[in-house]
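Knowing the structure of chain U, use the given hints to seat chain V on it.
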Amino acid sequence: MSWFNRFSNLFRREIVDKELDEELKFHLDARTRDNLNAGMNAEAAQHDARRRLGNATLAKERAHEMNILMSIETIGRDLRYALRSLRKSPGFTVVAILTLALGFGANTAVFTVVNGVLLRPLPFPEAGRLFLISYQSKQGIFENQPGLYDTDYLEYEKQNRAFGQIATFNEDSATLTGAGDAARVQTATVTSSFFPVMQVNPAMGRTFLPEEERQGNNRVALLSDKIWRDRFGANPNILGKTITLDGAQYNVVGIMPAGFTFPHEAAFWLPLAVGADPGNTYIRPVVGRLRPSVSRQLALAELEAFTKHLSPGPGAIRESMVAEILPLNDLLVAKIRKSLLIFMGAVAFVLIIACANVANLLLMRGNTRQREIAVRNALGASRGRVIRQLLTESTLLSLCGSIAGILLAIFGVRALLALAPAAGVPRLQEIHIDARVLTFAVALGAFMGILFGLVPALQATGNRVRDFLSLSGPTATASRQRLRGALVISEIALALVLLTGAGLMLKSFMRMRTVDPGFRTENILTMTVDLPDSTYPTALAIQAFHASVLAKLSNLPGAVAAGAVNWMPLQPALVRGTFQLDGGRKRPRGYTVAKPAVSPDYFRVMGIRLRRGRVFTEQDLSTAPGVAIATQSVANTLWPGEDPIGKRITLEDDPQPKDWLTIIGIVDDVRQQSLVEEPQPAIYQPLQQVTRPFFLSHMSYVVRTAQSPQSVAAALRGVLQKVDTGQPVEIAALTDLVDANIAETWFQTRLISTFSVLALFLAAIGIYGVLAYAVTERTREIGIRMALGAKKSHITRMLLKRTLVLVLAGVALGGCGALVLTRVLGKFLFEVKPNDPATFLSVAVILAATGILAGLLPAQRASRVDPVVALRSE
Amino acid sequence: MRTHTNDRLKGTLDLLVLKTLASQGRMHGYAITLRIEEISENVLRLEEGSLYPALHRMTQAGWLRSEWGVSESNRRARYYSISAAGRKQLAEETQEWTQLTSAVARVLSLA
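From first to last, the protein sequence lines stand for chains U and V.
Okay, so the first sequence: first residue is 8 according to our numbering, each after it adds one.
Okay, so the second sequence: first residue is 25 according to our numbering, each after it adds one.
I should point out that these hints are in silico values taken from the structure, not numbers from a laboratory.
Don't take every hint at face value.
[Claimed, not checked] Dumping the calculated DSS-like pairs for lysine-lysine here, alpha-carbon to alpha-carbon at most 30 Å:
| # | chain 1 | residue 1 | chain 2 | residue 2 |
| --- | --- | --- | --- | --- |
| 1 | U | Lys654 | U | Lys665 |
| 2 | U | Lys514 | V | Lys43 |
| 3 | U | Lys32 | V | Lys43 |
Just chain U, with the same shape it has in the complex (with noise of 0.2 Å):
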């Protein structure tokens, strides 16, 4: 308290000192006023006053030497004290610093990105207010994001209270044409509340009008600053210009501010209508801004209430919907928070071992400056001043170490921001060091140097004078012993825990390298194109264009041959759905599967292994009859014993009678949806007989070459230029396609392995220095022991037992932890349980032999000590 009042007044000397004239007026005139009282004429009563007072600018003075001299004469006293003492011995304090500056640097850029991505609020008006609306299923294959059926949202847009207005959007893509090449962009359709629930207005022009929702009004756009700039040379008189995207006609309303690209990375806003018919099944992420006097409780009270009453509604399966009222900000971080949160938690253990090594450090050194602090005992210092030394040296120590550390973390956030997947980390731009992540270094710092250099200072100063005087020298003290053999075990328990985590989600991604997809990857080259509507109205004029480019595809030189399929197995998109068999069949209940629709040579590109029957052939027209292929999941599924070619069966929900189609061949299962999840059952329809644009405007084509794949990239870009300019070109060789699905889990395995390789060597450097020091410590009594005939071998074999019994004791400690903290990886580990033995098993050899191999260089040069020179040593 006292302290706390000390700095305050040094903060507020202008307030201490106006306050102190009070003080001091006012005695002034009640003694003058008693003496009036008392008779004297004014002026001797103020004279009087005066007299008795004394000096009152001394005595003010003299008040304030009470706040200010006592802290910042002795704080820099003690400053540079501490100063003078680290320069003293340079090997400590730069090991030391270089130590801590590790710690701080991996948990500043941490921080860093941490702040960035959870902690800094959405760049829009009172972000806090705006909240996510769900009413989502939580459980099955498809885990939802966040969002309300449509009908849902148009229903509470009506009955709610609790938001001013909401809005819905929807995040997509389009093709840009008439503004420089061809190119994908992405897109958001919003309804015209949309930014008035954000309160951003537009830079120029204007936001949508609630009319410009209606078909007919709404070929309206809105340009993100960026892609105005990039596209449209920052035109500005662009608004009333009209752009392309996807073949359509949109008039420019207005450009939104720099900065603003919500939801994700949208270069277009357009206008969405949502649909009150009953089959309209969309479901979209909901967005509110919280009314001033009501909470996120009673919204969600309120929302509740709401779900409680409406019909059974799409899909019927109400019972597994669960009502949610969100920060805003879930949208985006929902998948990367706990990885953050698992970073967070790894680098605190690198920090907390760092710091277990300078509080050794200091211990030893605590050891060696006996004399010194028995000198400034004897002088006079009480032990708390002495305490208070020690205190600033290490933290002015663990300072240092976070300067160096924030340093370190310039250049840690930028590796580690290269290593994060593409689209891993959402606002990357707005990741840098601010002042919060400067404010947390710093704090951290103070912190930690005191807590670690609290425990040494209480130790240095706990002799009394009389202990130290009464002994010949410093003597190792059971308890100084045990206290570092206790710092060193935490150590390589903490270290232990780290690697463990490192090595489950290695061998958790090794497993995932080694899935065997169902198709090949290797030597295949992708391109992908999305035909718009207005370009190409029909399903005919699609197949029309994906027949042209696939005939020039099969022929380029270097291509062994060439496929297409509309949504390439393990991307974001799958069309699933049901099925209707033949004869009033039942399909069993829930059982969905994906529809690829595959160009004839589609199964010979991937290497997906026909099983019985044939593929489809360029016979397969719309005017054949309807062929299906199943795979053999498919099959067992639904017909088990039984032939499945021959079989009809229809993906219509109203089957016409030319719907049903023939099983015509089984093929292998392959991994649809993520390569971490079982192979999912699929019903293949010949791309030629698909009625629908919607199922064929999006296009992947797979062409297997003979060399590198790269090596036709090229042409493949031609092939296409050829057929339509006005296509965007996308390739990508497929093994990098696959890879990406694994992209996220590599970041986390790197940055894991990373932190937990640091933390082994820091641990390894604290064995080394403990043992190093005990060896330094005990040279007379191994003196002694040699020269009274024990063996060199005697002499490393009993500092060994020592190494050894930190060691296993730091390894049991730190396998019980693991056994308790690696279960918050368990989702993120394939195929590897959170208690893996083996790794267990692996991650403990591995520390155990580092340690004694830390342990082994002390114990060797203890075993050349030269008796005489040894017991001379006092």
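What follows is chain V alone, placed relative to chain U:
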């Protein structure tokens, strides 16, 4: 941590102030001056200028609490009262003072 036991004068002032506040409750500086003069029958004359630094020091040591209030003459004045730590300090200093004076008294009567 007592840092001024060897400084009897300062120690005495502290003792007097603590004792006064312990028996009288909340007072402003001027009232403390008057009270000490009155009780000691004007034998102990405070150097009034040294009172305020002492009050500040004791406030910062946590022995006293201070707050602004309105005086009997309707002016703003800073009032002091004793804290629990102050009472402990008072007990210690009183004991020391008694020991000192009785020791001095013994020396005077026997030597």
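Among all the numbered hints in the text so far, which are the ones the structure does not match? 2
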